[in-house]
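**Student:** For reference, the chains in residue letters:
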Amino acid sequence: MFSWYYISGILILTGINLLTVLGLSLLTGFTGLFSFGHAGFMAIGAYTAATMTMQFHMPLLLALLLGGVVSMLVSLIIGRLTLNLKGDYFCIATLGFGEATRLILDNVQYFGGSRGLPGIPTYENNEYLAIVVFINVLAIVAMVFLIRSRHGRNMVAIREEELASQAIGINVFRYKITSLAISALYAGVAGGLMAHYLGYIQPIMFQLIKSTELTIIVIFGGLGSITGSVIGAIVLTFLPEVLRTFFQWRLVVYGAAVILIMITRPQGLMGGKELNLKAIWRWVKRRRGGAENDSSAIS
Amino acid sequence: MTAVLSLKNVTKKFGGLTAVGDVSFEIEKGEIFGLIGPNGAGKTTIFNLITAVYSLTEGEILFHGNSLIGKQPYQIADCGITRTFQNIRLFKKLSAYENVLIACHKLANYKIIDTVFFRYGKNYQNQERKLHEKTESLLKLMGLWEVRDMTAANLPYGMQRKLEIARALALEPQLLLLDEPAAGMNPEETIHLMELIRQIRDEFDLTVLIIEHHMDLIMGLCDRIFVLNFGKALAQGTPAEIQEDKRVVEAYLGKEDDAHA
Amino acid sequence: MSSFLQQVINGLSIGSVYALMAVGYSLVYSIMNFSNFAHGGVIMLGAYIGLYALSLLSLPFVAALVVAAFGAGLIAVVLEKIAYSPLRRRNAPGLYFIISAMGASIFLENFVVATIGPTFRTYPQIFDSKPFMIGDIALGRIDVLMFVISAISLGILMFIIEKTKVGLAIRATSYSAKGSAFMGVNVDWIIFVIFILGGMLAGVAGMLFGMRYTVYPQIGIITNKSFIAAVFGGLGSLPGAVVGSILLGLIETFASVAGYSTYRDLIAFALLILILVVRPTGLMGKATEDKA
Chain A
644 MFSWYYISGI LILTGINLLT VLGLSLLTGF TGLFSFGHAG FMAIGAYTAA
694 TMTMQFHMPL LLALLLGGVV SMLVSLIIGR LTLNLKGDYF CIATLGFGEA
744 TRLILDNVQY FGGSRGLPGI PTYENNEYLA IVVFINVLAI VAMVFLIRSR
794 HGRNMVAIRE EELASQAIGI NVFRYKITSL AISALYAGVA GGLMAHYLGY
844 IQPIMFQLIK STELTIIVIF GGLGSITGSV IGAIVLTFLP EVLRTFFQWR
894 LVVYGAAVIL IMITRPQGLM GGKELNLKAI WRWVKRRRGG AENDSSAIS
Chain B
204 MTAVLSLKNV TKKFGGLTAV GDVSFEIEKG EIFGLIGPNG AGKTTIFNLI
254 TAVYSLTEGE ILFHGNSLIG KQPYQIADCG ITRTFQNIRL FKKLSAYENV
304 LIACHKLANY KIIDTVFFRY GKNYQNQERK LHEKTESLLK LMGLWEVRDM
354 TAANLPYGMQ RKLEIARALA LEPQLLLLDE PAAGMNPEET IHLMELIRQI
404 RDEFDLTVLI IEHHMDLIMG LCDRIFVLNF GKALAQGTPA EIQEDKRVVE
454 AYLGKEDDAH A
Chain C
7 MSSFLQQVIN GLSIGSVYAL MAVGYSLVYS IMNFSNFAHG GVIMLGAYIG
57 LYALSLLSLP FVAALVVAAF GAGLIAVVLE KIAYSPLRRR NAPGLYFIIS
107 AMGASIFLEN FVVATIGPTF RTYPQIFDSK PFMIGDIALG RIDVLMFVIS
157 AISLGILMFI IEKTKVGLAI RATSYSAKGS AFMGVNVDWI IFVIFILGGM
207 LAGVAGMLFG MRYTVYPQIG IITNKSFIAA VFGGLGSLPG AVVGSILLGL
257 IETFASVAGY STYRDLIAFA LLILILVVRP TGLMGKATED KA
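Those protein sequence lines, which keep their order, are chains A, B and C. The first sequence begins at 644 in my numbering and counts up by one. The second sequence begins at 204 in my numbering and counts up by one. The third sequence begins at 7 in my numbering and counts up by one.
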């Protein structure tokens with residue numbers, strides 16, 4: 644049951660989720676905007692990339708990139724329309740966008756309607772895993788670089804206090820739309836990767852629950868932590884896949900776990916902190932120094 | 204010479220309520236200009252109008268002779284006007300250092316593309332270093348260098364107010380708006396703050412507009428004072444003139460602030 | 007002309023059921039400022055309770071309706087205690103409530119799939135399928151029933167909100183939770199009341215919906231449309247929720263008549279975005295200004 648073929652398959656799915664979650668982490672964890680529509684951006688990337696390789700025999704990497712770019716362009720339009728909405732209303736608008744995208748795909752016969760697109764070229768698992776890992780490494784490095792720059796810091800400022808950000812000359816709208824566009828780019832590429840792994844895509848794969856799942860991973864990992872998102876994506880993709888035998892109860896447990904996380908550890912696994920060598924060293928030192936300092940780390 | 208800031212017949216109505224009615228004044232370069240009045244007189248509303256948080260109902264605001272109408276709040280900061288907030292609005296969960304570092308962002312001009320593709324290029328590295336140097340000098344100036352790694356929300360009240368000033372100075376403004384900078388400070392801190400505001404004004408060649416309830420601070424610090432009452436102009440003049448003014452004493456000093464006056 | 011009138015009545019009938027669901031979203035939003043996405047799960051359970059009350063317990067229709075209402079009300083209250091109450095104690099931001107609600111919605115839906123099963127179930131036929139005839143207008147008995155029961159339920163709700171002491175407290179709390187807590191309003195009690203009221207209406211709505219169509223675990227997705235209706239009207243506004251629901255019911259009915267039935271859901275979601283863009287707080291929502 645746990646053959647390499649099976650495990651590499653799960654790793655590929657993890658990588659695809661991780662890529663989307665990385666982008667979403669920028670939007671939600673660092674800029675403070677919640678989205679319930681990122682499955683829509685994945686769908687746009689998936690359908691674009693699949694059409695490019697199937698109809699125009701475009702090379703995979705180029706098709707993936709194009710899928711990401713198209714998704715990003717759509718996000719710019721959506722962002723222009725909805726980013727001025729306050730609080731809940733933006734996240735409701737993204738929900739509307741995600742569902743509308745799925746329903747449009749349901750009705751476009753060129754894309755096979757609700758039965759979807761079969762016969763998308765696929766690749767051998769090991770080769771594909773290498774591609775997925777390669778893209779994810781690039782994506783993580785780029786994201787870390789972005790976050791640790793004045794642009795990333797400005798996004799965090801917006802998350803913390805919007806009015807004060809304006810007062811120190813941060814163009815809040817522009818940073819929000821940039822953040823949304825980058826997250827849509829990541830989601831679009833991930834969608835393309837998904838299409839060329841599964842070999843078929845259907846609108847139903849991109850419904851609201853998929854968007855919810857992505858946002859839940861980001862929160863589970865801890866808002867404002869890239870390492871948290873990475874760990875979250877790995878845990879929350881691996882576990883459900885391994886538990887697939889308990890198919891029907893899997894999502895019951897999942898739903899209950901989400902509530903449990905929210906009421907017990909809402910700051911997520913990492914609570915906005917990053918896990919790196921420096922942090923581990925500090926943690927070890929504190930352990931040695933005695934237990935009395937521990938409480939300060941939690942508050 | 205044109206005034207740094209001039210308000211011309213500025214009016215703001217919320218629904219039927221006039222928060223600020225027909226207010227005009229001019230601030231000259233290098234002045235420390237006080238804005239006082241009882242609670243609810245419309246002082247903070249005027250700050251919000253200058254920084255475009257609210258839009259004007261009537262009138263005009265000019266900065267170095269150029270109208271600020273139609274600008275977004277972030278563009279006001281770009282022009283060279285920065286502010287602090289009455290109910291402190293720091294980036295609460297970030298450290299004091301990060302608070303100032305973020306605000307220094309205008310000293311760099313690298314693009315998002317640069318952060319990814321030219322991170323180890325000279326241009327990017329130099330600019331980032333400049334931001335960190337500026338942050339260090341500002342924190343030291345405000346006496347916050349020792350607490351730089353503390354989370355902003357955990358700082359004592361007085362230090363939070365100073366951190367807000369440091370953050371506002373990071374943009375190298377020409378006009379600094381201070382909204383009750385001494386609120387929550389003890390007398391000793393207040394005196395120190397007065398010194399600091401003067402020092403900042405001289406060192407950075409600033410003009411300062413300040414709202415404050417501490418009469419000692421206002422009278423000792425300001426070159427000129429403008430008094431608001433129920434959103435309307437009540438009086439304007441030097442500290443000495445204001446202290447003599449009967450209307451002011453009646454409306455404000457006499458009733459509410461015996462202790463401070 | 008008569009077919010036009012008939013469609014109007016169909017639209018009103020489905021719209022009124024949406025209204026029953028939508029006021030549940032709005033009640034919660036008006037007090038707690040978040041979108042309770044678990045409400046769809048409560049509606050779904052209401053539909054199942056009604057089904058089993060009729061088929062297993064062989065209760066008469068009205069008794070089954072009451073059982074569904076109280077059952078769903080109870081579930082809503084328990085849900086609040088488990089999934090939201092701990093967040094409230096901690097003053098967590100609104101989006102945490104939404105995530106918790108999403109978790110609850112996933113839980114409820116899949117719990118039913120795992121226990122009862124994913125199949126579609128139909129209500130036993132209790133009413134004559136022969137329509138009423140008024141002139142040459144044919145009115146489905148269930149359609150009329152849906153409208154009448156919805157109208158009565160909403161009437162009761164409006165009475166409670168407008169005329170009773172607890173209603174006054176609810177209105178006060180929706181203006182300012184802090185302020186009314188100072189005035190001696192017990193916010194915990196108010197939240198209990200709005201969840202039981204919203205839950206009961208959800209139970210009634212679920213049963214009516216199940217009778218008209220079918221019952222299955224994913225009903226919650228359909229009921230998301232009632233959420234859209236609540237947004238149309240302006241979240242937090244009860245009259246807004248009712249008006250928005252009736253409008254959505256009419257729009258959907260006429261879209262189907264015009265031959266766009268496959269686009270029915272799409273139209274709803276597209277309208278959602280359009281409304282938000284044109285009127286960011288819905289038709290009757292309260293606008294808020296960020297204060298410095």
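Derived by calculation from the structure, the hints in this document are not laboratory data. Since we're looking at a predicted model, the values are computed, not measured. Cβ atoms here follow ideal geometry from the backbone N, Cα and C, with glycine treated the same way. Among the hints, erroneous ones may be present.
[Stated by the list, open to error] Distance condition first, Cα-Cα at most 20 Å in a straight line; then the derived EDC-like pairs of lysine to aspartate or glutamate:
id : chain 1 : residue 1 : chain 2 : residue 2
1  : A       : K916      : B       : E392
2  : B       : K295      : A       : E805
3  : B       : K343      : B       : D281
4  : B       : K333      : B       : D317
5  : B       : K274      : A       : D749
6  : A       : K921      : B       : D352
7  : B       : K435      : B       : E453
8  : B       : K296      : A       : E805
9  : A       : K853      : A       : D749
[Unchecked claim] Sample of chain C residues facing chain A (criterion: CB under 8 Å; computed from the structure):
id : residue
10 : N97
11 : A98
12 : L272
[As the list claims (entries may be wrong)] Output of the computed footprint for chain A on chain C, the stretches with three or more beta carbons under 8 Å from beta carbons of chain A:
id : stretch
13 : 110-120
14 : 276-287
**Student:** For each hint, tell me whether it holds in the structure or not.
**Tutor:** Verification of the supplied hints:
1. A:K916 - B:E392: violated (35 Å)
2. B:K295 - A:E805: holds (12 Å)
3. B:K343 - B:D281: violated (24 Å)
4. B:K333 - B:D317: Satisfied, since the Cα-Cα distance of roughly 16 Å is no more than 20 Å.
5. B:K274 - A:D749: Measuring from Cα to Cα gives roughly 44 Å; hence the hint is violated.
6. A:K921 - B:D352: holds (16 Å)
7. B:K435 - B:E453: Within the cut-off at roughly 15 Å; holds.
8. B:K296 - A:E805: OK: K296 of chain B and E805 of chain A at ~14 Å, within 20 Å.
9. A:K853 - A:D749: holds (16 Å)
10. N97: violated (11 Å)
11. A98: holds (6 Å)
12. L272: OK, holds: L272 of chain C within 8 Å of chain A, min 4 Å.
13. 110-120: It holds, with 10 qualifying residues against the three required.
14. 276-287: As far as the stretch 276-287 of chain C goes, the hint holds, because 7 residues have Cβ atoms under 8 Å from chain A.
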